[in-house]
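Participant: Each chain is listed here by its residues.
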Amino acid sequence: EDKVVQSPLSLVVHEGDTVTLNCSYEVTNFRSLLWYKQEKKAPTFLFMLTSSGIEKKSGRLSSILDKKELSSILNITATQTGDSAIYLCAVRKETSGSRLTFGEGTQLTVNP
Amino acid sequence: GAGVSQTPSNKVTEKGKYVELRCDPISGHTALYWYRQSLGQGPEFLIYFQGTGAADDSGLPNDRFFAVRPEGSVSTLKIQRTERGDSAMYLCASSITSGTYNEQFFGPGTRLTVL
Numbered sequence: 001e002d003k004v005v006q007s008p009l010s011l012v013v014h015e016g017d018t019v020t021l022n023c024s025y026e027v028t029n030f031r032s033l034l035w036y037k038q039e040k041k042a043p044t045f046l047f048m049l050t051s052s053g054i055e056k057k058s059g060r061l062s063s064i065l066d067k068k069e070l071s072s073i074l075n076i077t078a079t080q081t082g083d084s085a086i087y088l089c090a091v092r093k094e095t096s097g098s099r100l101t102f103g104e105g106t107q108l109t110v111n112p
Numbered sequence: 001g002a003g004v005s006q007t008p009s010n011k012v013t014e015k016g017k018y019v020e021l022r023c024d025p026i027s028g029h030t031a032l033y034w035y036r037q038s039l040g041q042g043p044e045f046l047i048y049f050q051g052t053g054a055a056d057d058s059g060l061p062n063d064r065f066f067a068v069r070p071e072g073s074v075s076t077l078k079i080q081r082t083e084r085g086d087s088a089m090y091l092c093a094s095s096i097t098s099g100t101y102n103e104q105f106f107g108p109g110t111r112l113t114v115l
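Residue numbers (our numbering), protein chains in the order written: chain A, 1 to 112; chain B, 1 to 115.
If we strip away everything but chain A, and leave its shape as in the complex, we get (with noise of 0.2 angstroms):
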């Protein structure tokens, strides 16, 4: 059975500081992994990840995959207030169209 796991489940911090937010699979037929930013409702997309060893950044976000350990880290730094929210990751396969298998998501509180 395919598996996303993220961790930490939460994390709070204070402004200013960064933080390592990282999730691992098991999948067959892996095809890319995809982080996503859930406020109130709607997850946003945050990067879609296929290669290994490349870094993708936006801003105060990036993010790596690596296929050998199966895994990837997303990277936040300076963090904000405003970044408090949920971060789930999520992997798509070779097979199964485009269906997304989720993580249970990791909380991030930023206080002031």
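Each statement offered as a hint is correct.
Simulated restraints on C-beta separations:
| id | chain 1 | residue 1 | chain 2 | residue 2 | range |
| --- | --- | --- | --- | --- | --- |
| 1 | B | N10 | A | G53 | 39 to 49 angstroms |
| 2 | B | D63 | A | E55 | 41 to 51 angstroms |
| 3 | B | T13 | A | E26 | 29 to 39 angstroms |
| 4 | B | P70 | A | E55 | 39 to 49 angstroms |
Calculated directly from the structure, the hints in this document are not laboratory data.
Where a beta carbon is used, it is the ideal one built from N, C-alpha and C, also for glycine.
We have chain A; now place chain B onto it with these hints.
Facilitator: Below, chain B without anything else, positioned relative to chain A:
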């Protein structure tokens, strides 16, 4: 509107009743997905459509759940004889096609509560 829209935003019903949840995808998107998210969990795949046809319905939990997309645009998720365990956030997403490199854009969801 520019994004995926879902109605209603909240639905409260009684056990045993029938409900319909509606999703209006981004204009021009041919692929549409339904997910269910329970509290404290990530979204769980239910079904996806490419055009009018259900390309993969393997995530539907049982035959009380059914979804249609008759004209290849708006989709309705139908739940018969609702049970308390059906209470969850139901999320819809669309993408330009079902290709595996296409981003899925999510709607705000319908929060279903079965009393």
